[in-house]
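2 protein chains.
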Amino acid sequence: MTERFEIVEKALVKMLEDKKYSTLKDILVTMNPADIAAIFAVLEDPKIPLLFRLLPKELAAETFVEMEPDDQELLIRGFSDNELKEVLDELYVDDAADLVEEMPANVVKRILRQADPEMRKSINQILRYPENSAGSLMTTEYVSLRPHMTVEEAILRIRRQGVDKETIYTCYVTKDRKLMGIVTVKDLLLAEDDEMRIEDLMITNLISVTTHTDQEEVARMLSKYDFLALPVVDNENRMVGIVTFDDAMEVMEDEATEDIEMMGGMLPSEKTYLKSSVWELFKNRIPWLMLLMVSATFTGMIITGFEDALAAQAALTAFIPMLMGTGGNSGSQSSVTIIRALSLDELKFADLPRVIWKEIRTAVICGFVLALACFAKIWLVDKLLLGNQEITLMVDAVVCVALFVTVLLAKLVGAVLPLAAKAVKLDPAVMASPFITTIVDALSLLIYFMVAQLLLKM
Amino acid sequence: MTERFEIVEKALVKMLEDKKYSTLKDILVTMNPADIAAIFAVLEDPKIPLLFRLLPKELAAETFVEMEPDDQELLIRGFSDNELKEVLDELYVDDAADLVEEMPANVVKRILRQADPEMRKSINQILRYPENSAGSLMTTEYVSLRPHMTVEEAILRIRRQGVDKETIYTCYVTKDRKLMGIVTVKDLLLAEDDEMRIEDLMITNLISVTTHTDQEEVARMLSKYDFLALPVVDNENRMVGIVTFDDAMEVMEDEATEDIEMMGGMLPSEKTYLKSSVWELFKNRIPWLMLLMVSATFTGMIITGFEDALAAQAALTAFIPMLMGTGGNSGSQSSVTIIRALSLDELKFADLPRVIWKEIRTAVICGFVLALACFAKIWLVDKLLLGNQEITLMVDAVVCVALFVTVLLAKLVGAVLPLAAKAVKLDPAVMASPFITTIVDALSLLIYFMVAQLLLKM
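Residue numbers (the numbering used here), protein chains in the order written: chain A, 1154 to 1611; chain B, 1154 to 1611.
These aren't lab readings, by the way, just hints derived from the structure by calculation. A quick note: this is a predicted structure, and the numbers were derived from the prediction, not measured.
Pairs count within a copy or across copies, as identical chains cannot be separated in the list.
In silico DSSO-like pairs for lysine-lysine, Cα to Cα no more than 27 Å straight-line: (1) Lys-1575 - Lys-1163; (2) Lys-1173 - Lys-1200; (3) Lys-1377 - Lys-1339; (4) Lys-1200 - Lys-1424; (5) Lys-1339 - Lys-1318; (6) Lys-1318 - Lys-1377; (7) Lys-1339 - Lys-1328; (8) Lys-1238 - Lys-1339; (9) Lys-1173 - Lys-1210; (10) Lys-1436 - Lys-1501; (11) Lys-1200 - Lys-1262; (12) Lys-1167 - Lys-1501; (13) Lys-1377 - Lys-1428; (14) Lys-1200 - Lys-1178.
Construct all of the structure, not just a fragment, from the sequences and the given hints.
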């Protein structure tokens, strides 16, 4: 699929270079906006307006929505006022609001000047909601019906209004702007009697969100209930817009990416990898690296503090990386599991005791099996095979006891910290691998040296 | 939202205990199947059939689909043949196929015996496709139209057939079972002339998948094109089913979870965290822990090999954790970024040279800034503030040069390995933090000691 598409992509770019405009146009009109947008993404800047002007009006607008902000800006700067107006008239309100959010101030001014008054009002309304809220995600275009309408009247209204609405399949029954119920086109089409009233057909156990609901929560609800769209109401239960499933899919993907980036010790990025500049990558990556590098001062201090002990038992130094590594891995396993479960709303802070009990038992089994395997490995590989004569039975025991305790503590720290972050309204994803590893590194060293002092009587 | 729901949940469980069945029933019928299923999840086993029998037939089936496999099995074992048949008759074919996949063999036999012959055939057809393929995800129930039909005939057909179909909003135009085009209910409702033929109205630039397309690819396509459903065809372009957006959302969520688990050094799990037993958590976590523990033998060997050098310059030991930690973090930043970009199809193997060039430049800036900060930190904090007299200008220089080289190599390894995995058709997510960290740990030690030998002339 993907490879076949790349061949098409190259062929089309070639046609543009060869100025075979009419053939190119014939092919473009058979294509999907998302695929056409992908061609713009690989095109050199000067060619972008050229290709765009080949598209028929509606397809041009649909493609425009799918394009990268850089390319959109380039096009708008090249548009005449008239061209800009034509594109804007074809956009859905939520897409227009997204566009306005991405553009620099002077471009935004031009857009708002060319948008018709109704759209300008709606854009401004959407822009006033906090970023990442249902209000900023919604579209204000939906089909609204009245309770007293008949099925026939409702279908007629959809046919008249529907052409401009993003989704017509779920209709919202309102009275004095308050949301009363929901009717799907399926219900309307399958209704046995055309004279039936909407109020007798509509579903009234409504699930709605408010304009300030977080977009992650909105996406989760759409996915949970398998709805095409969710109604958005204001504080007085007045209907103000809808969020559609395609926006929810994008939110889900973006939120998963954000979690993954934070788990990897980076600031969340706005752009795709290939579109990010080296400077942007640097800015997202350096803060955690710097913080963790500086916080490693503690591990350094611990080692310096035990320098004499290490000099007396030189064999101990060789196992420091293994201990810290296994501790770090154990801790990040737990933290990653808990963070994901929190993201998917499968866990809440009240589950803390259950989580701790589960992690303790898992850690005891993991730690025991690892310690046993480690004991055998050190004896067979490090001592007998590699001939490290400094390894005694006691040294081996010190390493394995320390390993067991480290795994236990690492899993507890890894499980508790994300839940604690959630409790104080921080993003749990901050408490992921790099952070946990740094804490566990220091912990595992302390445990190691304490066990060594105890067992080796240093 | 969530907290309010927990109160409702508790109130309903209380009503069940108090045997207030008719009040309970009145409340349940106003609720959403997904929310009712959540109540079953917290209910004690003996109460499950009791509550289930309070639900009206259709709502019972819809709730059944949303329940956890354990609870479904418990219910089926308690059903009479007649009750089982009633539930099955209300299920969509893809939900029934999902159910059959989850149940043990003897339960499956009972299900297939009670399903009507048509459903049994469809279930068997879906089960024959490989797991995680479009074929196993699809439903065989969709509205099919013929090219020569008029808009009026088409709407009539939808009204007659639609009640059993999972989505009626996208209709598939077939001729001799071959997929010819797509018509949406929106197109039908907004058509200006009821006598217009479907073949003149349908979209023919079709996007479809085959039964063997991977479910991740299917989900990505649904999300990219914002479709409600994607048609699934066999090798001869004959229409066999559709995949709907709600299934795609679930796939996206599951695949992101799987990637995150693998990035955290675990085997992917089938169950949610709270539903997983300690034994299952252990089985998913121990393989990587064991592998990484054993592979740390290399870091141990490297340290043992340089034991004399370390004894001569004791200050060097204190910086081992910082070096390894910073290297590990740098590497996992790159690997996590690349793995996610590969998952979202934003990168392909052919981008390798661009990725390497981007990572080199990012690493040089990151490495330079970190080394500079580290140099100052060691001098000001470790030497002057903490009074570690073993630190000389040369020791400080060794640490910082090693740090720079480590960051550079870590970022390269982190970026290249996931792409290499992709090239040989392995899952790139395997090449995530724990794996990269282990390689980078050994690398950073080698670099450290080599730089030390060079600069300190040991």
